[in-house]
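Chains as they are written, first to last, in my numbering: chain G, 1 to 365; chain L, 1001 to 1415.
Be a bit skeptical, because a hint or two may be false.
Claimed, not checked - Below, simulated BS3-like cross-link-like pairs (lysine-lysine); rule was C-alpha separation at most 27 Å, straight line:
hint, chain 1, residue 1, chain 2, residue 2
1, G, 245, L, 1399
2, L, 1121, L, 1203
3, L, 1121, L, 1071
4, G, 252, L, 1399
What the hints assert, rightly or not - A few chain L residues facing chain G, derived, Cβ under 8 Å:
hint, residue
5, 1304
6, 1308
7, 1375
8, 1387
9, 1390
These are calculated hints, taken from the structure and not from any lab test. Heads up, the beta-carbon is just placed ideally off N, CA and C, and yes, glycines get one too.
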Amino acid sequence: MSVMTEEREALKAAVADYLDSTFPIDKVHRIANGKEDVPAGEWTKAAQGLGLAGLVIPEEFGGQGASLGELGAVLQEFGRTLAPLPMLSSAALGTVAFLVCDNASASKPYLEALAAGSATAALALSEAANQWPATINNTVATQSGDAWTITGDKSFVLDNGGADLYIVSASTPQGPGIFVVDAADVQRTDLNAMDLTRKQSAITLNNAKATPLALNAQEQLTQIQNLAATLVASEQIGGADAILKMMVEYAKMRVQFGRIIGSFQAIKHMCANTLVEVEQARGAAEDAADRAAEGEDITLPASLAKIACSEVFTDATLTNIRVHGGIGYTWEHPAHLYFRRARSTSALFGTPAQHREALLVGLGY
Amino acid sequence: MTTSIETPAELEEFRIKVRDWFATNATREDAVATDKKDEVEEGETEDFLVVARKFQNTLYDAGLSGLSWPKEYGGQSLTMNHQRVFNEEASGYVMPSTPFMVTLGMCAPTILQYGTEEQRKRHIGPMLRGDEIWCQLFSEPGAGSDVAGLTTKAVKDGDEWVINGQKVWTSGAHYASFGLIVTRTNPDVPKHKGITMFIVDMKAPGVTVRPLRQMSGASGFNEVFFDNVRVPATSLVGVVDQGWTAAIGTLMNERVSIGAGGGGLGRGTGTVQFDRLAELATSTGAITDPVTRNELATIWVKERTLAILGDRMRASLKSGKAPGPEGSIAKLAGSELGKQVADMAMDLLAESGQAWTNDDEESLRWATNLLASPGGAIAGGTPEIMRNILGERTLGLPKEPQLDRDMPFKEIRTN
Ligand SMILES: Cc1cc2nc3c(=O)[nH]c(=O)nc-3n(C[C@H](O)[C@H](O)[C@H](O)COP(=O)(O)OP(=O)(O)OC[C@H]3O[C@@H](n4cnc5c(N)ncnc54)[C@H](O)[C@@H]3O)c2cc1C
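All chains should be modelled from the sequences, with the hints used to inform the complete structure.
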């Protein structure tokens, strides 16, 4: 039920081809288990071949100049395959932060490196659990002359095991600011992430050198977080769609009581309910990304997308395990990789409960 | 999203036209007393039929009905973006168009797709103008979910067909001028293969319409008896014995209509139910209760996702595709939402939801809404049937073992 332009369909198909051949789920599983590594230089290859790293970076900085709608479509494919490349973390979240700050002179060298795939960025806004939008509690930026330094801690940073650049929010005398910090100036600690396919970290900054992208930046911070919720939702809906296909495929081949289990209404109706939820959430995710691309205020659409996609992804991954029975509960089966991804992304950038409250407030209640 | 062929300037000009039309010809929702609002929207009494007709007539004459329908049959041949603009401008106004839902959402698309050129020329214009109201004569006492089990007979007699049998739950039959009827024309073949569709004049001799009272107290549907009703051969829709295909077409359109709101009528871009519930919660004070807030936001989410889904379905319909089984997605989601809205209102009203004073219009309206909500889930196919359709047709899961599929109809066990 996807309503997409032909160009967008074509882009999505090209990315799907690439991901299916480069990261089949068995390979993702082995990588998640630490039995194999992501092929060296793969991200640079994807950046140069398909232009993924610079998808939404303007052409003047070496990117593709595509819209957020296209980015959402590509993220669906990454969500579908769980490919362990920094598409969400760097090409989406990290990059979008630069774009929202709209500070060409400061951003130029970074955006060029990101587009070329020679550097990756990660968004580090969160300091504590259970805060949406994230508030700055103890990260402080100090200016002396032209130079800025930051001291503080950030957590739940999606950085795929280590980014080259960290986008950090910090308080300044002129209100909240957004800065870039080089990985060399950051102490990074791996978190024990439930999601085995994407690493997260906590970072500590100790008088770290920082380049300001925006000062007095409350508006930009809000926009970055709305976009983050929208983009995570795009990735989630791709995952949910993959799970729907997985459960249906299994329901079509597994035989019990002399019948294909998918012919039992109890199983058929679980699949149908998942379809209903997936198609509605897909609309919400694509709508939010397209509105963002049009420059509309996406406060409500972003929350809508994040709620709908988090909930369907979470429900679908559990239903999928039930449809599979015992095999679905094993470590070897990929079902749990998606289950973990669903729970993890549901909690990041605002839980459904937090977004529901934000919605009501946004609607004036 | 949709491939647009109109310029932004054209759309803007259209928007202004629609805005002006509504400002002069329609009533704002907040200007209507609450108790009257539903009646105006329901259009189920004669008075409201007059209101609805007049509204549709003026809409048509202003060139604002059948926006995406072909010009040659009385439509406007405009794009889905025009429809979207129309919906946006229409929101906030009372749209007394319920009596046309079956006509425009289901019967007209069926005639457009399966009817003869003569039928299209003869009927579609008057349907879009609101001059002809149609009803859907599918369900029978013995055949509801399994509508292919119908037994109303049609027998050829010269240049005419003679229809005998009974239909039931026929919405609007009491004010419809035409009906789309499915009949059995060959009982010696399996059930799906001996069905034929006709257009029947509801005022023809031998047609008897008896209103049935619903649990809500209203009488929106009827039983309809056919006693040697003669229809001309030119009223055949599609091919003799192959009416099942056309019937499926009608049903798929129906599900888009019911679920995604008013096929072609252009309604429901907003979050009407949420707004009403939030108002109610504000007036009872429950708006500060975290559980209430959580539920309210959930309803907003469901209403918005359903509206977005509806827009997308209409957009893909317009890009030339007949509606697929996906209409069942909207139908299912819509009936789930309806139930949740009704339940939440009852929670908020507590005692006053079950007994109220004469001047308490709010309670009356929500109680009426509650009592109407089970019907919405059943009409157009029950949730179980929707899930079967999605599971089997959209997802390709195997059918349940079917005992009657290949047997000649006359050997099948019936009610
Ligand atoms: C308000 C309203 C308006 C209507 N308007 C019209 C109209 O204008 N024209 C028209 O033709 N009809 C109309 N209908 C009829 C409607 O389409 C039928 O009522 C509906 O399809 C169900 O059929 P039934 O009532 O015979 O119930 P049944 O088919 O007997 O169903 C009884 C129960 O059995 C379940 N069931 C049946 N088959 C299966 C299965 N294969 N798997 C699992 N469960 C199953 C059903 O889900 C239901 O729970 C209307 C109905 C209502 C309530």
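Status of each hint after checking the structure:
1. 245/G with 1399/L: Holds. Residue 245/G to residue 1399/L sits at ~18 Å (cutoff 27 Å).
2. 1121/L with 1203/L: holds (21 Å)
3. 1121/L with 1071/L: holds (11 Å)
4. 252/G with 1399/L: holds (11 Å)
5. 1304: Result: holds, 5 Å to nearest chain G Cβ.
6. 1308: holds (4 Å)
7. 1375: violated (20 Å)
8. 1387: At about 4 Å, which falls below the 8 Å cut-off, the nearest Cβ of chain G leaves the hint on residue 1387/L intact, so it holds.
9. 1390: holds (4 Å)
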